[in-house]
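Visitor: Chain Y is already provided as a structure; the job is to place chain G on it using the hints.
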Amino acid sequence: MRLLFLSVLVIPLGLDLYMPVPEENPLVAERVELGRQLFNDRRLSRDNSISCASCHDPARAFSDGRAVPTGVFGREGRRNAPALINRGYGRLFFWDGRIQTLEEQVLKPIQEPTEMDLPVDEASARVGMAASDLSRALASYVRSILSGDSPYDRFINGDRAALSVDQQAGLQVFRGKGNCTACHVGPNFTDEKLHDTGVAWHEGQLGDPGAGNGRFKTPTLREVARTGPYMHDGSFNTLQKVVDFYDHGGNGNPFLDPELHRLSLTDAEKRGLLAFLESLSGTVNR
Amino acid sequence: MKTAPTRHIGGDRSSRSLCKVPRMEVSDMRKKAITVMVAVILLAGAVIAQQKRQQDIDLQAAIRTETVDGDLNAAIKQYGAIAAKYKMDRATAASALVHIAECYQKMGDDQARKIYEEVLRNYSDQKDAAATATAYLGRARVVAPARGDRAVWTGPEVDLFGTISPDGRFLTYIDWLKTGRLMLRDLNNGTSRPLTKPSWLEPGPSGGADYSTISHDGSQVAYEWWDTGVSGDEIRIAPLQGGEFPPFRRLPRHDDVNLMAPYDWSPDGKWLAMFVRRTDLTGQIALMSTADGTLRVLKSVDWRGPSKIFFSPDGKYIAYDLAVDETTDNRHVFVMSSDGSRETVAVAHPSHSTVMGWSPDGRQLLFSSDVSGSRGLWAIPVEDGKAHGSASLVKADIGSEWSLGMTTSGALYVWKDPSATFVQVAPVDLTTGTLLAKPTDPATGQRFVASRGRPSWSPDGKFLTYTSCGLTGGGPCTIFVQTRETGFVREIHPRLSYFQQLRWSPDGRTLITGGTDLKGRRGVYLIDVSSGETSTVINRTDPSGYAEFGLNGQTILYRRRQNGVLVIMERDLTSGVEREVIRTPASGSFPVSVSPDHRYVASGSNEGPTSSLLLVPLGGGEPRELLRVAQPEVLIGSTIAWIPDGSAVIVGKVGADNRNELWLVPTQAGQPRKLAIDASDWNLQEGFRLRPDGKEIAFVGQAGKPGSEVWALENFLPASSAGR
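In order, the protein sequences belong to chains Y and G. Using our numbering, read the first sequence as starting at 1 and increasing by one per residue. Using our numbering, read the second sequence as starting at 1 and increasing by one per residue.
Isolated chain Y (complex conformation):
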């Protein structure tokens, strides 16, 4: 474990010590704690029924275990609730990458009709603080949610016993034949870029356009074993299905990312890959 600059956060093994934090919202312990309280505050939803934590459950690595979330009045969301871990290192936010700062992102679900459906000024009034303070506190708390120190992290930092033989074989597939590192790369296993893998295409027709032509942001793979269902629409309920999808080369369409192609993985290679993905579950600081 390593200490971050103000002793506000403990950076787990495997993550960068440097986290970009805007000058206008430095990480302060009190603000992080305030953000944690607001994250669990149901007053931020129109019917006082849900909080951020309802769809980003700390016990599920800040995901919710559903294909798409359920908002106020039982309204169903459109896209899977992503795992809110290590987002302090993020460069794009939401599945379509339309927002570039956490401070802006944290207020959007509050306003979204299918999620918390509450205008920001009303949300501010309910919790008794300005919108900017609400934004800064929530963003600070989200920055504090970190996952690292996984068996994988220990392995690449010298503990050769941290991964099983199967997991080590899976790591080789992940970096080699599986071509996973084409997009799932870096300490957070995401290039933070937008790709069309074909998930949004069905029989030649585009459903959710995402950022355009069915492109969506690469999600992190940290804690992936416990943050299903998968993909932007939660359409894959197991990792096996995800692996099979990529083994098939994704779903063909005119804008398919050129990194995708048929992999022809053997059953043993798929098993190893799945075992490796499980090794990315570590310690979640929250």
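A hint or two may mislead.
Once the Cα atoms are required to be at most 25 angstroms apart in a straight line, the calculated BS3-like pairs of lysine-lysine come out as [what the hints assert, rightly or not]:
1) G:114 to G:87
2) G:695 to G:674
3) G:52 to G:127
4) G:519 to Y:193
5) G:52 to G:87
6) G:519 to Y:177
Calculated directly from the structure, the hints in this document are not laboratory data. For clarity, every value in this text was computed on a predicted model and none was experimentally measured.
Guide: The following block gives chain G in isolation, referenced to the frame of chain Y:
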């Protein structure tokens, strides 16, 4: 290169003109809405026209104040007001700033320089303003003339991987030519001694050092060490004083890396600033403890990493540069707290900026940049780890973007390659071994694109390709395709970061190369000659390269390194089935060169004291050695050119007198003979190729002496920032 699909808005554009409402029934409300919209647009146009008229009036008034009334201070205020008022009009704002600078120039005020620098920094897209600023700044507003600058070491041994000692006396470097060892050069007496042994160029179990850095107290050197056949790297630390091969201390090996480059020591000697590249090609800026090798990863970055990292003199910060994105080599300069708590952008010009070092007092951060049109040395004040004020050009035209470090006296040592390469073509007589006419440059009349090399002929001899990899030579690379008959040249920009030799497919439609893609993955790639579209044939992280088409374009041959051994592989493009053609000792850089009848491969091997040329039958059978030379002679492995009838190959050699030679080596019978062609000013590393009919040869000439240089730059810091 992919082009965006053409999109057509449905319907004829004229039918969508707002002045012609489509002939359909519309509601009264829609009619009113359209009327209002038209009125708004007309009003907006009138407003814009009025604003433009007022801009002109304001500008003319300021010019009158400047030139007629002669009141420069008042004119400056007026121009300043114009720049502020019309800041959304970038052309007007830039023009106003230029006028301000001109006023200061007339007043002899150095403020003019700062204004011009601001123009370049913020309005580089405004061509007229930028050109004026560039012209002014290019007239060498330097602190002192260049008399303090001197070349301290020149020649083919000079290398860019080391650093200077704090007293400016010693320089570490790698002896790439002979031994591959890490060496220490004494710049006072011109002698060198080895710090490491053995190396990858020498017989026996081997490894090598690449990057090295001398501690701030001049007592130790830290260097990267890799062992052949062992994954990962380790850092070794050795005392600088003493004789050859000083005893070293190992820090724990990291085997999930394929590069660990130590760039600088912390002033207290406790940390090394490193660039680490993991086996998944993640790059990291990190600090390594010199006590126990603990790695503190500060930031994950692009796989190319920084060109250098330097600790500030107080050890509180590190400065480095990073590529802006994967498609260009433009770089910005950053400062980070050495505890990883904060990063600031120090320099963000739309240019290639590289960090060069800190002034001895830590108040100035030095960087090189080509923002002014040529590569100059700039300084930006830094306070509390943040840029504090604007950058100033302290030395124009330094001809280098590669720092070897600062001394305590404030001298900056840089690596320079003053030579330029250019492709030449000449008619040749292989019987006499002579050129029949003076060589010509196929790029004559073409805009200058820095050094060019690696020529390659199309199978029909009608086209010649050559490449240029930017001012730094590090990519991205451009391919030029010349139609020989007309001289017309077009460019191809493959989506690759770097590549080596190009070879044409037998049908003349595709080029094949070994290279590195935009994500840092090495492999073998195909490039469509017409579109530049790039596709992957083999994408693996182990080094690959020197690919060539085989039989009728259905197979390829390429070279890869496996467990320290160089292997030539053949791959069927349709089935993907591969077979090993030959293994060679893992040293040298020989390509694979397929005979015209596709029955043989000529390749080579560099085994340290000797280098050899081999002929390998593709259909099976034992390889045959065609030529072997012993040091000090060495075969240059970059090119092996077959003559059209396949009876011989031409290979380059450095003779005992250190001069380049071309040799014709028969593949069946006869003795090798030296050609009479004077290749003394050829850059053999960049290759040469015979036209398929054998009547012309394309080669790479070199302007300037071969080798590179180390320069000491002095007397450029303000007196307050200069060292002792």
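Visitor: Each hint should be assessed against the structure and marked as holding or not.
Guide: Hints versus structure:
| no. | hint | verdict |
| --- | --- | --- |
| 1 | G:114 to G:87 | holds (19 angstroms) |
| 2 | G:695 to G:674 | holds (18 angstroms) |
| 3 | G:52 to G:127 | holds (20 angstroms) |
| 4 | G:519 to Y:193 | holds (13 angstroms) |
| 5 | G:52 to G:87 | holds (13 angstroms) |
| 6 | G:519 to Y:177 | holds (16 angstroms) |
Going through the hint list in order, the structure satisfies each hint without exception.
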